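Chains as they are written, first to last, in our numbering: chain A, 1 to 229; chain B, 1 to 200.
What the hints contain is simulated information worked out from the structure, not anything from laboratory work. Treat the numbers as computed from the prediction; the structure is a model and nothing was measured. Don't take every hint at face value.
To give an idea of the chain A side of the interface with chain B (calculated C-beta under 7 Å), a few residues [unchecked claim]: (1) I9; (2) A10; (3) Y106; (4) F214; (5) L225.
Only pairs whose alpha carbons sit at most 20 Å apart, straight line, appear in this in silico SDA-like list of lysine to any residue [stated by the list, open to error]: (6) B:K136 <-> A:K111; (7) A:K38 <-> B:I80; (8) B:K44 <-> A:C97; (9) A:K150 <-> A:V20; (10) A:K30 <-> B:H90; (11) B:K13 <-> B:N158; (12) A:K176 <-> A:P139; (13) B:K85 <-> A:D31; (14) A:K150 <-> A:K90; (15) A:K189 <-> A:N12; (16) A:K54 <-> A:D31; (17) A:K150 <-> B:K169; (18) B:K169 <-> A:K226; (19) A:K30 <-> B:I80; (20) B:K19 <-> B:A2; (21) A:K90 <-> A:K146; (22) B:K145 <-> A:D24; (23) B:K145 <-> B:V98; (24) B:K3 <-> B:K13; (25) A:K150 <-> B:P91; (26) A:K111 <-> B:S24; (27) B:K44 <-> A:N12; (28) A:K146 <-> B:H90; (29) B:K145 <-> B:S110; (30) A:K226 <-> B:Y27; (31) B:K169 <-> A:I27; (32) A:K150 <-> B:S112; (33) A:K189 <-> A:K111; (34) B:K169 <-> B:K44; (35) B:K169 <-> A:L137.
C-beta: ideal position from N, C-alpha, C; glycine also.
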Amino acid sequence: MRIHLSNAIARNATVVAVGVKLQDSSIPAKDGSPVSFKRYIAAGEGTLHSDLIKKLGDDYSKALVEADPEVDFETVGRSIEGTTSVLMDKAGNPLYCAPEVFEIIYGVDGKETERRTPIDVAPNINEDVPIKWTGRLIPRADLVRKFAIKRTMQFKHVDGVTFDFLHAIAKELEEKDSVMLLASGVDGKSPLVFQTNGTPYRGFLEGRTAGEGFLLLLHLSNMELKRPT
Amino acid sequence: MAKTISVSLNEEKAVFGFKPIDRSALYGRRRRVAFDVEGNECSKASLLSDGSLLLQSGMTAQGYFLGDGTWVPQSELSAISVDGKPLDLHPSTVGVEVPLTEVAPQEALSISFSNTYLLEAEEFSPKLKEALDSGKIFSFPFNVKEDYNVETGLLVGNESGYFALIGNKVDYQVCTLEQVATVSEDSSDSSNDDLDFEMF
Chain A
1 MRIHLSNAIA
11 RNATVVAVGV
21 KLQDSSIPAK
31 DGSPVSFKRY
41 IAAGEGTLHS
51 DLIKKLGDDY
61 SKALVEADPE
71 VDFETVGRSI
81 EGTTSVLMDK
91 AGNPLYCAPE
101 VFEIIYGVDG
111 KETERRTPID
121 VAPNINEDVP
131 IKWTGRLIPR
141 ADLVRKFAIK
151 RTMQFKHVDG
161 VTFDFLHAIA
171 KELEEKDSVM
181 LLASGVDGKS
191 PLVFQTNGTP
201 YRGFLEGRTA
211 GEGFLLLLHL
221 SNMELKRPT
Chain B
1 MAKTISVSLN
11 EEKAVFGFKP
21 IDRSALYGRR
31 RRVAFDVEGN
41 ECSKASLLSD
51 GSLLLQSGMT
61 AQGYFLGDGT
71 WVPQSELSAI
81 SVDGKPLDLH
91 PSTVGVEVPL
101 TEVAPQEALS
111 ISFSNTYLLE
121 AEEFSPKLKE
131 ALDSGKIFSF
141 PFNVKEDYNV
151 ETGLLVGNES
161 GYFALIGNKV
171 DYQVCTLEQV
181 ATVSEDSSDS
191 SNDDLDFEMF
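Let's have the full structure, built from the sequences with the hints guiding it.
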């Protein structure tokens with residue numbers, strides 16, 4: 001994805017950020033042959049327990065032995081590739097008109113504290129106003145000790161100019177052995193939102209250099225390391 | 001008996017009870033709920049991409065399959081490395097004393113974290129406590145259950161308590177001038193939506 005990023009002196013550029021992916025260290029297998037994970041259909045329409053009770057009564061065990069009313073031979077075992085979410089009403093029928101949507105807020109005790117009409121939150125990482133440095137430098141060690149990092153993204157250059165731009169940021173932060181707290185929005189205080197209604201994250205920019213190369217990482221956190229009250 | 005993380009550093013030992021924590025325990029959570037015209041909460045189902053079947057709760061299952069479509073029970077699964085070599089099964093480290101290694105912050109930031117545990121000390125060497133309180137970070141091998149992949153745990157402390165951060169090491173690829181990125185090098189966010197919070 002593209003991210004509009006500024007540096008310490010408010011010069012900005014649009015660069016690419018990619019999610020850091022783990023390399024597979026192990027592959028599930030049987031007797032040395034790799035296996036693949038699949039979702040499949042286990043029961044067809046009208047063959048769930050509740051359906052069988054309606055059709056055959058509460059005690060339908062004999063019917064299971066004598067025939068196979070619970071198996072839909074046309075569909076069971078078929079692998080599921082792609083699906084679309086559908087909302088169902090209380091009776092289990094698809095909804096044919098738009099539902100009323102509420103946002104329910106729960107407290108730390110799990111109890112509902114508020115119910116409100118949701119407001120859509122737009123992504124803010126590639127807007128006219130770039131992501132800014134807040135000026136809050138945090139030693140790397142404190143980042144590890146105080147925040148739970150949920151994701152890490154890596155910045156990449158899109159041309160020679162942005163290579164110099166990102167390399168200079170990485171070098172500056174590496175020399176300070178610190179990360180810079182980033183923020184979005186005109187006020188430069190908002191958390192980073194990567195997609196519509198996505199999780200808001202605090203972003204911490206970490207830089208490393210290696211020879212002529214650089215590594216510029218965006219560590220994302222939405223949780224402090226602290227004891228629940 | 002409660003599960004423990006047991007660690008040692010130069011004969012200095014510590015034993016911690018541990019429990020997972022997530023942000024809902026710290027800040028609460030929010031979720032969007034759809035209601036039908038009668039005010040009942042809607043349930044979700046999945047329509048197959050060809051529109052042939054509506055999958056409701058209880059109609060799907062998942063599992064591992066060989067290339068010829070043969071289902072493989074969980075009990076018969078093993079693992080191989082990327083280059084096809086059989087891997088050893090590593091025992092659980094829960095309740096087993098494992099060595100601590102001090103790591104630099106940069107090394108700690110080269111881990112992709114998956115779980116966070118709040119620790120409660122049952123036995124805590126004063127020297128180890130002092131080291132954690134001074135800001136040192138230690139790593140240890142961690143396996144919550146017998147597995148083919150041993151994860152890395154970080155032991156850290158702050159004003160609020162002591163924590164174990166669990167994840168796997170990442171090998172970052174350094175960017176060089178020649179490796180220009182394209183926008184197709186994309187990533188998506190599959191995280192759950194939840195509340196904003198005041199961290200500062």
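Verification of the supplied hints:
Among the interface hints, the one on I9 (chain A) is violated; its C-beta lies about 21 Å from the nearest C-beta in chain B, farther than the 7 Å criterion. Given the 7 Å rule on beta carbons, the hint for A10 (chain A) is violated: about 21 Å separates it from the nearest Cβ of chain B. Restraint check, Y106 (chain A) versus chain B: the minimum CB separation of about 5 Å is within 7 Å; hint holds. Of the supplied interface hints, the one on F214 (chain A) holds, with its beta-carbon coming within about 6 Å of a beta-carbon of chain B, less than 7 Å.
Because the closest C-beta pair between L225 (chain A) and chain B is about 5 Å apart, less than 7 Å, the hint holds. Taking the CA atoms of K136 (chain B) and K111 (chain A), the gap is about 38 Å. The hint is violated against a cut of 20 Å. Restraint check for K38 (chain A) and I80 (chain B): satisfied, since their Cα atoms lie roughly 19 Å apart, inside the 20 Å limit. Pair hint K44 (chain B) plus C97 (chain A) holds up; C-alpha atoms about 15 Å apart against a cutoff of 20 Å.
Among the hinted pairs, K150 (chain A) with V20 (chain A) is consistent with the structure: their alpha-carbon atoms are about 11 Å apart, no more than 20 Å. Proximity of K30 (chain A) to H90 (chain B) is assessed by CA-CA distance (about 17 Å); at most 20 Å being required, the pair is judged to hold. Restraint check: the Cα-Cα separation between K13 (chain B) and N158 (chain B) comes to about 19 Å, which is no more than 20 Å; the hinted pair holds. This hinted pair checks out: K176 (chain A) and P139 (chain A) have alpha carbons roughly 8 Å apart, not beyond 20 Å.
Our distance criterion of 20 Å between C-alpha atoms is met by K85 (chain B) and D31 (chain A), whose separation comes to about 11 Å. Note on K150 (chain A) and K90 (chain A): the hinted pairing is violated, with a Cα-Cα distance of about 36 Å set against a maximum of 20 Å. Restraint check for K189 (chain A) and N12 (chain A): satisfied, since their Cα atoms lie roughly 17 Å apart, inside the 20 Å limit. Taking the CA atoms of K54 (chain A) and D31 (chain A), the gap is about 44 Å. The hint is violated against a cut of 20 Å.
For the given pair, K150 (chain A) sits about 14 Å from K169 (chain B) by alpha-carbon distance, which is consistent with the 20 Å threshold. Between the alpha carbons of K169 (chain B) and K226 (chain A) the distance comes to roughly 24 Å, so the proposed pair goes past 20 Å and is violated. Of the pairs offered as hints, the one joining K30 (chain A) and I80 (chain B) holds, with about 9 Å between alpha carbons and a cut-off of 20 Å not exceeded. Using a Cα cut-off of 20 Å, the hinted pair K19 (chain B) and A2 (chain B) holds, with the two alpha carbons roughly 10 Å apart.
Distance hint between K90 (chain A) and K146 (chain A) is unfulfilled; the C-alpha atoms sit about 44 Å from each other, more than 20 Å. For a cut-off of 20 Å, the pair hint linking K145 (chain B) to D24 (chain A) stands: about 19 Å separates their Cα positions. Note on K145 (chain B) and V98 (chain B): the hinted pairing holds, with a Cα-Cα distance of about 15 Å set against a maximum of 20 Å. At most 20 Å may separate the alpha-carbon atoms for a hinted pair to count; K3 (chain B) and K13 (chain B) meet this at roughly 16 Å.
The hinted pair formed by K150 (chain A) and P91 (chain B) fails the criterion: a straight-line CA distance of about 27 Å is larger than 20 Å. Distance restraint check for K111 (chain A) and S24 (chain B): the Cα-Cα separation of roughly 11 Å lies within the 20 Å cut-off, and the hinted pair is therefore satisfied. As the CA atoms of K44 (chain B) and N12 (chain A) are separated by approximately 43 Å, the hinted pair breaks the 20 Å bound. Between K146 (chain A) and H90 (chain B) the CA atoms are separated by roughly 31 Å; this puts the pair beyond 20 Å, and the hint is violated.
About 23 Å separates the Cα atoms of K145 (chain B) and S110 (chain B), which puts this hinted pair outside 20 Å; it is violated. The hinted pair formed by K226 (chain A) and Y27 (chain B) meets the criterion: a straight-line CA distance of about 11 Å does not exceed 20 Å. Proximity of K169 (chain B) to I27 (chain A) is assessed by CA-CA distance (about 17 Å); at most 20 Å being required, the pair is judged to hold. Restraint check for K150 (chain A) and S112 (chain B): satisfied, since their Cα atoms lie roughly 8 Å apart, inside the 20 Å limit.
In summary, the hint linking K189 (chain A) to K111 (chain A) is not supported, as the alpha carbons are separated by about 30 Å, beyond the 20 Å threshold. Distance restraint check for K169 (chain B) and K44 (chain B): the Cα-Cα separation of roughly 37 Å exceeds the 20 Å cut-off, and the hinted pair is therefore not satisfied. With a C-alpha separation of about 25 Å, the suggested pair K169 (chain B) and L137 (chain A) falls outside the 20 Å cut-off, and the hint is violated.
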